[in-house]
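Number of protein chains: 2
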Amino acid sequence: MLQPKAGYQNLKDSYLFFGISRKIEAYLNDYPGAHLYRMGIGDVSLPLCDAVIRALHQAVDDQASRDRFHGYMPECGAPFLREAIARFYQDRNIPVLADEVFVSSGASDELGDLLDLFEVSSTALIMEPAYPAYVDANIMAGRKIVYLTAGPENDFLPLPDDRLQADLIYICSPNNPTGAVCSRAHLQAWVDWANDRGAVIFFDAAYEAFVTEDLPRSIFEIPGAESCAIEICSLSKTAGFTGTRLGYTVIPRKLVRRGMNLREMWIRNRTTKTNGVSYILQRGGAAVFTPEGQEQIRRNIRIYQENARVMTEALARIGIRFWGGTNAPYIWMQCPDGIKSWPFFDLLLSRIQVIGTPGVGFGACGEGYFRLSSFGDPEDTKEAARRLVELLC
Amino acid sequence: MLQPKAGYQNLKDSYLFFGISRKIEAYLNDYPGAHLYRMGIGDVSLPLCDAVIRALHQAVDDQASRDRFHGYMPECGAPFLREAIARFYQDRNIPVLADEVFVSSGASDELGDLLDLFEVSSTALIMEPAYPAYVDANIMAGRKIVYLTAGPENDFLPLPDDRLQADLIYICSPNNPTGAVCSRAHLQAWVDWANDRGAVIFFDAAYEAFVTEDLPRSIFEIPGAESCAIEICSLSKTAGFTGTRLGYTVIPRKLVRRGMNLREMWIRNRTTKTNGVSYILQRGGAAVFTPEGQEQIRRNIRIYQENARVMTEALARIGIRFWGGTNAPYIWMQCPDGIKSWPFFDLLLSRIQVIGTPGVGFGACGEGYFRLSSFGDPEDTKEAARRLVELLC
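Protein chains in written order, with this note's numbering: chain A, 1 to 393; chain B, 1 to 393.
Okay, chain A solo, but in the shape it has when bound (with noise of 0.2 Å):
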């Protein structure tokens, strides 16, 4: 009889958003049509630029012309947008040249397939609090996992330790939940740890656009980590792509492991497993890297910036304790008067309509911690900051 895989029995019960989406049914069903502040789930709220609707608008006329209609893609992305991809590289003077870039449909399915290039037996280490898909995707594979904690007392940036043993490292910065910010030397302790280790690092960039002080955007700013890194990138929150799908990938050709190529196992890999990322979604994720998308989603990142602005202040002037908000859209508070998160997170819905997302569903570690996304509607933040004010004042 077949045997289905044996490492979904030893998922935990529910996805954190699950929970989240459960309780707010239940409140709009005690009070219905009441309207919520959303700071929760980091879905953006903000309508996609106009250079993207116009590439994306000619490339469905281009599917309805004989002559410029566009049949199965390139399965590692299409040339215009992988070149495209690697200039928003070189034009930060880091060397990514176009066939070390692969399209994807955003990051999270990609952190996930990419881990059908290792063994089993290779071991994770995650940074908690962490984005929880990092580790359901390790158990459902079975996969050991390493756990290595963050708190105030390493303002949420962990260092290598020599005792660490592990294969995976997951890196998130910005990070989510934390909004806490990798520096140079941060990432060179990972980056060096990992080549004498022989470990690989999956360094999450989705929020690298957030970045606006000298602090690294990508993993390959780091001298050494061609050999050890692969970035996952998403145009979900560079560009609000949360529900229109893109991402790339980037695999340096210097990436290999006991002699085997990581970058030539992943081409292997999408020609046999994807026939490609659709050609209409390529286009519009390419007018992002022209002057004009850029310059025009640069205009959203700064509204959402200053949301995070209105929200920080807020706290500050609550004395509540917080990472993040600057150079990252998230904000990392601690809940106040030692309370959990979930009870935090019911104290807000219930009194002020505010919703933002339990820390304790980023790990164990999370809990009495809060997390507040800045890509809400700036009216709607501006709103939540007071209520949180006045509530908690």
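Be aware that a few hints might be false.
Here are the simulated DSS-like cross-link-like pairs (lysine-lysine), alpha carbons at most 27 Å apart as the crow flies [as the list claims (entries may be wrong)]:
1. A/LYS254 <-> B/LYS12
2. A/LYS12 <-> B/LYS254
3. B/LYS382 <-> B/LYS23
4. B/LYS340 <-> B/LYS382
5. A/LYS12 <-> A/LYS382
6. B/LYS5 <-> A/LYS5
7. A/LYS23 <-> A/LYS254
8. B/LYS23 <-> B/LYS340
9. A/LYS12 <-> A/LYS254
10. B/LYS382 <-> B/LYS12
11. A/LYS340 <-> A/LYS254
12. B/LYS23 <-> B/LYS5
13. A/LYS5 <-> B/LYS144
14. A/LYS5 <-> A/LYS23
15. A/LYS5 <-> B/LYS340
16. B/LYS12 <-> A/LYS144
17. B/LYS254 <-> A/LYS144
18. A/LYS340 <-> A/LYS382
19. B/LYS144 <-> B/LYS23
20. B/LYS144 <-> B/LYS5
21. A/LYS5 <-> A/LYS144
22. B/LYS5 <-> A/LYS254
Simulated DEER-style distance windows between Cβ atoms [said to hold, decoys possible]:
23. A/ASP214 <-> B/ARG258: 52 to 60 Å
24. A/LEU97 <-> B/ALA316: 35 to 43 Å
25. A/ARG299 <-> B/ALA6: 47 to 55 Å
26. A/GLU264 <-> B/SER183: 38 to 46 Å
Calculated from the structure, these hints are not laboratory results. Where is the CB? At the ideal position from N, CA and C, for every residue including glycine.
Let chain A serve as the given structure and place chain B on it in line with the hints.
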């Protein structure tokens, strides 16, 4: 040190379609600008139909609008599309429920991803000639494969046999590459075999829209399939979505192995490893299932069916033995005079500039056969048929 998956080292040299494109490249290098008659890779040539184009444009406009903008989509598919697909089954008296339907980026993507549900210790059964990705995805995973050989002796439709031992059964009907179509009795034999042994059937229904006679288009027309089968389908050939990307998968609620419900496992897989399929593409896909969309896609399918008729008529005139071409978009021909598959490919390319697919690329038992596709341009197809007759008569 990290251990890349060893299975990749067991893959054969190169993917079939890569080999073909390299030969085409070399030819075009020698004869720049030569016109080629492409009956090879199964890509479509007709643009998307009006109903789909209109829905895509409207969805792009939604993504430009503050009020109608869509962020993250439900990971298993938008309700509007899951319901439309369920109705598409129900209208044919096949009792598929909306929550048994999963929206995907396409059949090839899904066929790769679904393997995630099963332990590597489960054995796959592949009937050759077969779509090469079935084989390669299982080799990558490190799974044992049992082969069952199809040939003229069973009209390329092998039946199960009591000595067979396997857990995951791949059935593609209408078949790629042979164009053979399973009868109800044939599928019933496999369903009974799978239920008896606790095996699971992956039913690849990508070409169901080409069935015109009274033959099964879905495995769920067969009693008992709801406890042993997963159906994987795609709009690629049905509606010309090869470059636009959209597919769907049906996993019945009753599909349980060793106490684990596969549909619930797949929900957990999708919510962890994806963030759903593009809103824009799902709107485009939903238009396929409207009365207007159905009528328009049928018009295109009739053009491809006429291509198949032109090709089979030519083969009959030459006196070549072939399978498929009715109820199926592929024609599987015996190479004349005992020529092998790749030499026949080279002969057609060099002498009459017709591109087909060498049968041996679908498994050793495909040696001496050749696949022609009916998805080409109608004028090119007529000319290719004329040239074939001229060369081989």
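Quick rundown of the hints versus the structure:
no.	hint	result
1	A/LYS254 <-> B/LYS12	holds (23 Å)
2	A/LYS12 <-> B/LYS254	holds (23 Å)
3	B/LYS382 <-> B/LYS23	holds (23 Å)
4	B/LYS340 <-> B/LYS382	holds (25 Å)
5	A/LYS12 <-> A/LYS382	violated (36 Å)
6	B/LYS5 <-> A/LYS5	holds (17 Å)
7	A/LYS23 <-> A/LYS254	violated (47 Å)
8	B/LYS23 <-> B/LYS340	holds (16 Å)
9	A/LYS12 <-> A/LYS254	violated (37 Å)
10	B/LYS382 <-> B/LYS12	violated (35 Å)
11	A/LYS340 <-> A/LYS254	violated (46 Å)
12	B/LYS23 <-> B/LYS5	violated (30 Å)
13	A/LYS5 <-> B/LYS144	holds (16 Å)
14	A/LYS5 <-> A/LYS23	violated (30 Å)
15	A/LYS5 <-> B/LYS340	violated (42 Å)
16	B/LYS12 <-> A/LYS144	violated (30 Å)
17	B/LYS254 <-> A/LYS144	violated (31 Å)
18	A/LYS340 <-> A/LYS382	holds (25 Å)
19	B/LYS144 <-> B/LYS23	violated (32 Å)
20	B/LYS144 <-> B/LYS5	holds (15 Å)
21	A/LYS5 <-> A/LYS144	holds (15 Å)
22	B/LYS5 <-> A/LYS254	holds (18 Å)
23	A/ASP214 <-> B/ARG258: 52 to 60 Å	holds (55 Å)
24	A/LEU97 <-> B/ALA316: 35 to 43 Å	violated (51 Å)
25	A/ARG299 <-> B/ALA6: 47 to 55 Å	holds (49 Å)
26	A/GLU264 <-> B/SER183: 38 to 46 Å	holds (43 Å)
Checked against the numbered hints above, the structure breaks hints 5, 7, 9, 10, 11, 12, 14, 15, 16, 17, 19, 24 and satisfies the rest.
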